[in-house]
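Start from the sequences, fold in the hints, and give me the full structure.
Chain order of the listed sequences is A and B.
By the numbering used here, the letter at position 27 of the first sequence is numbered 82, and the numbering carries on one by one without gaps.
By the numbering used here, the letter at position 315 of the second sequence is numbered 347, and the numbering carries on one by one without gaps.
Simulated from the structure, these hints should not be mistaken for lab results.
Since we're looking at a predicted model, the values are computed, not measured.
A portion of the hints provided could be inaccurate.
A partial selection of chain B residues facing chain A, derived with a Cβ cut-off under 8 Å [claimed, not checked]: (1) Gln83; (2) Leu92; (3) Thr194; (4) Asn197; (5) Glu251; (6) Val288; (7) Gln337; (8) Gly340.
Using N, Cα and C, we set each Cβ at its ideal position, and we do this for glycine too.
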Amino acid sequence: MPRTTRLSSSLLRAAAAAGVAALTLTACGSGSGSGSGSSSAGSGDVKVGLITKTDTNPFFVKMKEGAEKAAKAEGVQLMTAAGKFDGDNAGQVTAVENMVASGVKGILITPSDSKAIVPAIEKARAKGVLVIALDTPTEPQSAVDALFATDNLKAGELIGEYAKAAMKGKTAKIAALDLAPGVSVGVQRHNGFLKGFGATDKDVACAQDTGGDQSKGQTAMENCLQKEPGINVVYTINEPAALGAYTALKAKGREKDVLIVSVDGGCTGTQAVKDGKIAATSQQYPLKMAAEGVKAVVTYAKDGKKASGYTDTGVTLITDKAQDGVTSKDTGYGLENCWG
Amino acid sequence: MTATSTPPSTSSPYAGLKAPTTARRLLMAPTTGPLVALLLACAFFSFSTEQFLTGGNFSLIVQQVMVVGTLAIGQTLIILTAGIDLSCGAVMAFGSIVIARMAAEGSLPPLVAIALGIGVCGGFGLLNGLLVQKIPLPPFIVTLGMLNVAFALTHIYSEEQTVTNLPGPLTALGQTFPLGHTDITYGSLVTIVLFLLLAYALSSTGWGRHVYALGNSPEAARLNGIRTSRLTIGVYTAAGLLYGIAALLLISRTGVGDPQAGQTDNLDSITAVVLGGTSLFGGRGSVLGTFIGVLIVGVFRNGLQLMGVASIYQTLITGVLVILAVTVDQISRKKAR
Chain A
56 MPRTTRLSSS LLRAAAAAGV AALTLTACGS GSGSGSGSSS AGSGDVKVGL ITKTDTNPFF
116 VKMKEGAEKA AKAEGVQLMT AAGKFDGDNA GQVTAVENMV ASGVKGILIT PSDSKAIVPA
176 IEKARAKGVL VIALDTPTEP QSAVDALFAT DNLKAGELIG EYAKAAMKGK TAKIAALDLA
236 PGVSVGVQRH NGFLKGFGAT DKDVACAQDT GGDQSKGQTA MENCLQKEPG INVVYTINEP
296 AALGAYTALK AKGREKDVLI VSVDGGCTGT QAVKDGKIAA TSQQYPLKMA AEGVKAVVTY
356 AKDGKKASGY TDTGVTLITD KAQDGVTSKD TGYGLENCWG
Chain B
33 MTATSTPPST SSPYAGLKAP TTARRLLMAP TTGPLVALLL ACAFFSFSTE QFLTGGNFSL
93 IVQQVMVVGT LAIGQTLIIL TAGIDLSCGA VMAFGSIVIA RMAAEGSLPP LVAIALGIGV
153 CGGFGLLNGL LVQKIPLPPF IVTLGMLNVA FALTHIYSEE QTVTNLPGPL TALGQTFPLG
213 HTDITYGSLV TIVLFLLLAY ALSSTGWGRH VYALGNSPEA ARLNGIRTSR LTIGVYTAAG
273 LLYGIAALLL ISRTGVGDPQ AGQTDNLDSI TAVVLGGTSL FGGRGSVLGT FIGVLIVGVF
333 RNGLQLMGVA SIYQTLITGV LVILAVTVDQ ISRKKAR
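If you want it as structure tokens, here you go:
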């Protein structure tokens with residue numbers, strides 16, 4: 056019976072291995088008394104953690120770049136981590152734990168799930184780690200020490216006001232290409248747009264989720280045009296969704312007579328504003344969020360002063376077709392300050 | 033899962049050691065490679081970071097892998113029968129939302145809600161098993177479909193909302209107790225006990241032998257009087273129940289019911305199984321190997337993080353390790369022939 060013997064011997068070895076592992080585990084347990092929360096009292100080398108929603112989204116890539124620059128300038132060590140996908144709460148929890156274990160002084164985090172991340176943040180703060188939310192607030196907002204973010208409601212309002220002015224009294228048929236249900240950033244921008252436009256959800260002819268993705272934005276717009284061919288204003292959660300909408304409109308020959316507005320201010324998106332594909336966008340500043348976050352941790356490490364409350368990192372309306380009564384800057388400024 | 037008339041266990045655990053080719057077999061054993069990889073990784077991280085080699089950190093790693101680890105036990109059972117389960121993460125997510133909502137909003141007693149959630153997951157497993165066995169459909173397709181069904185049900189039932197304010201008993205397994213200078217979570221213990229339990233069931237019961245036999249050759253197993261149909265359905269159901277336990281562990285770990293959870297856990301569990309030396313072609317491998325596989329992933333993620341290496345490198349290394357593991361499996365299969 057060659058099979059059974061092979062099987063049992065390998066099992067035996069595995070069992071022995073497990074025993075060895077258990078031994079090392081317990082040996083380590085008794086060996087070091089430091090535990091996980093090794094808070095170094097001396098300022099020595101300060102560690103700052105940055106946890107983004109994903110590794111791949113250009114917005115977060117830029118945020119990381121901003122943090123790296125700031126960390127270099129301040130002479131501190133930056134650790135980074137990210138979820139595997141937008142919404143990966145478990146991945147972010149793990150990253151928080153590992154960073155606390157490695158003795159960071161502060162953690163900057165863009166929560167994937169505003170509510171679900173809260174218990175992990177509370178544990179980190181209980182160990183004396185300063186936690187600052189970047190870009191996206193936690194729920195409740197008081198779960199973190201401070202929030203450095205764009206005012207997303209205002210970002211939406213700006214393009215809402217712009218769209219209202221640009222329509223010049225024409226009856227609007229609105230399509231809303233949203234982010235995803237229940238994600239605060241998307242909800243705030245959407246509501247801000249409606250507020251700025253002076254409309255309500257009843258006035259939206261077609262609302263679709265895009266996940267902020269270009270191809271899904273295109274599909275959503277195609278379906279919206281199918282449902283309501285008369286759409287003439289398109290609100291989009293971000294510029295990839297806006298470019299997807301543009302592609303769909305162009306296929307129907309409608310790209311000239313439909314007004315697309317967006318939020319984000321990425322370089323590709325800002326260029327699209329310059330090229331006339333998107334009418335206007337609200338630009339936000341991830342680099343600034345990250346840089347100020349790193350500085351706040353350094354301040355905390357130096358004199359124990361914790362940042363608190365909400366810091367608005369600013370938003371600017373970017374368009375080359377300025378409207379009366381709506382403050383904006385042109386794409387020249389936009390491209391100089393864009394991210395991505 | 034009836035332990036039908038089984039031949040008495042003829043091979044004592046020491047039978048392998050008496051064989052002349054013990055050294056060679058040791059090298060060839062499916063779990064040897066993974067174990068060496070794990071120990072090397074531990075050694076490497078111990079030297080490169082001062083925080084790695086602490087009891088607190090090891091406890092943390094086990095705590096971080098307990099959810100995927102529990103899923104991976106079920107995944108191992110299914111892969112041993114030459115099947116695969118793509119639905120495990122989604123089924124777990126659904127189970128966790130059922131438990132969380134039933135207890136937090138449906139005001140069911142927590143223990144009833146937990147039983148219900150685990151039962152629902154077991155139901156999904158049963159359904160998978162029936163479809164695989166009775167129609168029959170390829171496991172890949174059945175569980176791919178079930179992945180979407182469970183994912184959608186999770187989002188419909190949760191109304192896309194994260195469930196907070198869970199009653200205490202739901203998060204009890206996430207609590208810690210001190211052991212020396214280290215804090216261990218109860219959930220970690222549950223996972224370890226489940227691993228040992230299933231390892232025993234696979235190595236020392238008739239049921240376990242039948243699972244291996246089924247994976248090696250379903251036809252031969254059937255001709256030898258094994259009731260392969262019941263066995264297959266039983267394996268999928270058992271896996272489903274394990275996903276239910278994973279759902280409870282997930283809730284206890286994060287403290288919330290999260291409809292977005294588990295989206296990559298199906299692939300993560302398969303990764304752990306493969307890294308642990310279990311063959312994707314069935315009939316070869318072990319649950320303890322899977323435990324080592326789970327730890328390898330956990331150790332790399334933790335260690336690289338402590339070193340300050342960006343998380344994308346963890347993905348890179350995991351990918352390379354998976355390919356290496358399958359290569360080793362293939363080569364050792366050829367030699368075994």
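Structure-based check of each hint:
1. Gln83: Where the cut-off is 8 Å and the nearest Cβ of chain A is about 5 Å from Gln83/B, the hint holds.
2. Leu92: holds (6 Å)
3. Thr194: holds (4 Å)
4. Asn197: This hint is violated: Asn197/B lies away from chain A, its Cβ roughly 10 Å from the closest one there, beyond 8 Å.
5. Glu251: violated (16 Å)
6. Val288: Check passed: Cβ of Val288/B comes within 4 Å of chain A, closer than 8 Å.
7. Gln337: Interface hint status for Gln337/B: holds (4 Å vs cutoff 8 Å).
8. Gly340: Cβ of Gly340/B sits 5 Å from chain A, so the hint holds.
Violated hints for the displayed structure, listed by number in ascending order: 4, 5.
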